[in-house]
Every structure is written in C-alpha cells, then in structure tokens.
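Novice: Read off the chains here:
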Amino acid sequence: MIFLHDVSKIYANGIHALKNINLEIGQQEFVFLVGVSGAGKSTLVRLLIREELPTSGQIIVAGHNVLQLPKRRLPLYRRKVSMVFQDFRLLPNKTVAENVAMALRVAHRPQREIDEFVPETLALVGLTQYADTFPLTLSGGEQQRVAIARAVIRNPEVLIADEPTGNLDPETSAEILDLLMQINGLGTTVIMATHDKEMVNRARRRVVELVHGEIVRDEVGGMYHYGRS
Amino acid sequence: MAALSYIASMSGSAVVNAWRHRTMTVITVLIVSLMMTTLGMFLVVENALSVMIASLEEQVNLIIYLEDEAPPSDVLALRQELLDDARTISVEYVTKEQALERLRASFQDEPDLLQPLLDNPLPASLEVRSDDPEFLQSQASALLGNPIVEDIDLAQDVVDNLIRISQVATFLGYALGAGLALVALFVIGSAIRLTVYARRGEIEVLRLMGASDHFIRWPFLLEGVFFGLIGALVSSILVGIAYIWVHELLQQLISFLPVSLDITYLLRLILILALFGIAIGGLGSYLSVRRFLTI
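Going line by line, the protein sequences match chains F and E. Numbered per the numbering used here, the first sequence spans residues 9 to 237. Numbered per the numbering used here, the second sequence spans residues 1420 to 1714.
Simulated from the structure, these hints should not be mistaken for laboratory data. These numbers come from a predicted model, not from an experiment. The C-beta atom is built at its ideal place from N, Cα and C for all residues, glycine as well. Treat the hints with care, as some may be off.
As the list claims (entries may be wrong) - Here are a few chain F residues that face chain E, going by a calculated C-beta distance under 10 Å:
hint : residue
1    : P83
2    : L84
3    : M189
Claimed, not checked - Not close to chain E: a few residues of chain F, all C-beta gaps over 10 Å, as computed:
hint : residue
4    : D140
5    : L146
6    : T196
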C-alpha cells in the first residue's frame, strides 16, 4: 500500500528533516507515527500527500509513484489519499454538510451521490443534527469529526491524520481515536502522526518512532515509549 | 449543455461566496466602482474638451478670392472638388455683389465712406469650412498657384494655435487616460488580490483534497467578473449622469453651435467600462489565484 525506500529530505535552509527512511505499510494497517516536535513526522506526512518532494528516495502510495506524478494527475492522486489536520482546516464559510460534500464535489461526483453519502457520513461521525450549521459554531472535537467525515466520504485508500487530537482535551481525543479505528476497521489504511502518548498506549497498534529524522523503532502493538507503560 | 450547467452552478457558488464574504465583497465593489467612475469621468471630460476644440476648429474658414475673369465652370469644378473631400463641411459661394453688401452692412454707421466707390472692387470668393485646420492649410498652399485664384485668406495664427492645442490635448488625453487606466488596474488588481489572499487557506485545503486547478479557479474568476460588472454598473450610472450634466454645460458655453446629446458615445462609454470591468476583474482573479495553486 505504502512503500518508502531510502527517502531523505533536506530543506533549503540546510535542515536534514528525514534521513534514509525505509518504511512499508500494508493495506488496512493502523500506524502511529510518533516522535517529539521536529522529529520529522510532519515532513513525512507532507511527502506522502505530495505537498513537498523528497530530496532523494522513492515513495509509492496506492500504486502511484508519488515522485513521478505529473501536475495534472496530482488531484486524482489526492482524491485517493485523504488528510485530517490538527487545525481541522474546514471551510469557515460553508456549512458542515457543504464541507463534507466538497470532498465529492472536487471529484466531480454527481449530485445524487452527494445527497446519499453526506447524511450517511454525518451519521457515521454523529453530527447529523449539525448539518446546516457553520463549523466555527462547533466545539473542537465536533469540528474534527466534520474533517474526518470529509476525509472518509470518498472511501479513500489511505487516511493520513496529522496530530488530529493535538488541539483537543483527552476525552474528546479518545473519541476521535475510536472514530479513526472504526474507519480503519471499514478497510482504510490509517496513518496517524501524534505525540499524544495516551492515544498510542490506548490503541496498541503499530508504532513507528522518529528521532532526528530517522526511524529508531518500528513495533507492532507498541507503546509510546519503548519498554515502558 | 453540460458546460452551461457547469458554469451556471459555478456562478451560483460564486454568488454564494460573495455573499458569505460580504464585508470583503462590499469593500472590493466600492473600490472597483470608485476607480471605474474616476476613469469614466475622465473620459467624459476628455470628450467634452475635444468637442469644444472641434467646435472652435469649425470656426476656421479658408477664403478663396477668385479672379473676376474666372470661368464659372472652373469655379464650379473647384467648388465640387472641395465638397468631394470628406473633411470639408461646407463651401459657400459669395458673389461680388454679396461681398459688397457685407461690406456695406459692416459700415452702415458711416455710409459716406463707401460712397465714392463707382465700380465694385471686391472679388467673388469661395468660403470653405472644415473641422480640420491641417486640411485647410494644405489646400491654401495648393491653391495659390491656381489661375482662377486671386488670393487666399487663412487665419494662419489661429490655425497654427488650434493645431497645436488640439495636438497637445490629444496627447495629454491619451497620456492621462493611460496613466489613470494603469492606476485603476493596479488598485482594482490589489483589491481583488486581497479578497483571494483572505481565502488562501481555503484554496490550500481544496488543493489537498484533490481539487483541480479550474475547479478552484472558476468561482474566483466569476467572482472577479461579478465585481467588475457591479463596478461597471455603478460607474455607468454616475458617469451617465455626469455626461448629461457636462453636455448641458457645454451647450451653454458654446451656444452658437448645436451640440447634440451623443447617445452612441454614451453607449460606447458604458460598453468600454463594462469590458474594462470584466477584463480586469477576471484577469485579476485569475492571476491572484494562480499564485496559490503551486502546491
């Protein structure tokens, strides 16, 4: 599903964000990407959605060679790989339903699909009653649910969540994690970058730990800190 | 058909966007309207000035004094030749008798002065009117060698000055107009860039969701065109009122000439404003959005 071979990223300012990353993630896996701020988690995420290009190495996601994607094919690729952000990034001037529908609209899907899938997806994340409200009137946890609904409505092959619980209190974070695991259970590969120790220890899934741009640990069913609970 | 409904749905979303960003929309529409009204007002004043200059130029006559022995057929031929030129407004034939009548009329307070005249010493003449001083000048020099022409009278200083004034006015008109259009372009472009900049986050999210360039660009483009059209509408109304007002003023200033209200000019002005608005609104949005489509 996801295959990184010897990937390095050096920014223009000389910072060596990632060093020789080799990583393979299978279909329907749930992977935590952990590490302190600046360890390279966000860079890795940006490479996966082709927001940036690596300095060297190979990246293959869902059958696409990400480095060789021509610009006009980029939208098609991004429709297969959905993103959830720490700051939600909803469109403030569109209603909850419109925000979720936008994921289908950008893919030029017919209106009847929108009419069918938007209520279904809002029900999945438990926001049916907020369909016609604007995102900024919702709580952080609710906004993140909208973002997740927007990400999963297209049935993406991969869902990448970058610190999705970073702005949320522990209880809400746990709900968001449950939702992501539920989506994973429906068949989507989930990669969650986080430094939220509670989340990682709670889920007991595969953990990939980055330190100074290098993978120092790759453990199935792992904890946030190696060998400790 | 599919393309039409696509554009219709995009127009709908552009209007909804404009409404939900109404503060920004109002500011932008105000700026666009203001700049376009300024530009339109300038065009009206420029037009009024050129009408005034043209009316002054029409006051210039070329008087061709004819030899007494000139055969009438030659005189008629010369008259026709002058009339055939599009730049000629009229050619009036003044007989020797009419010339004397005019002279008597201008000396009617002192009729004794003209008493000693036994014979009529005044020549017949052709009075040529044109709104093109340069044309009259060239005719004057060409006709000097003509055997039926006794003399030529052209108010040389007046003509020279008018040519100069009209050239300067035309040049200033173009220069100021171009400068003003550039300023309007820059200000309107900046206003539109701001509205796009305020929504750069939105563009980025849409990009990461897999929206194609034109999916993102179309609503902005239509919104820009919409700004331009509103600006054109507002400025057309204001400039139209100003045009009618200036026209009345003009008629008082040059009462000796009937200056008719030029509806064609007004319509052309409105068309220019509308096209200017559409072009700059659309282009401004297109270029502004392009900057954020890099990721």
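Novice: Are the hints correct? Go through all of them and say.
Specialist: Comparing the hints with the structure gives:
{"no.": "1", "hint": "P83", "result": "holds, 4 Å"}
{"no.": "2", "hint": "L84", "result": "holds, 7 Å"}
{"no.": "3", "hint": "M189", "result": "violated, 23 Å"}
{"no.": "4", "hint": "D140", "result": "holds, 14 Å"}
{"no.": "5", "hint": "L146", "result": "holds, 17 Å"}
{"no.": "6", "hint": "T196", "result": "holds, 16 Å"}
Taken one by one, the earlier hints fail for this structure only at number 3.
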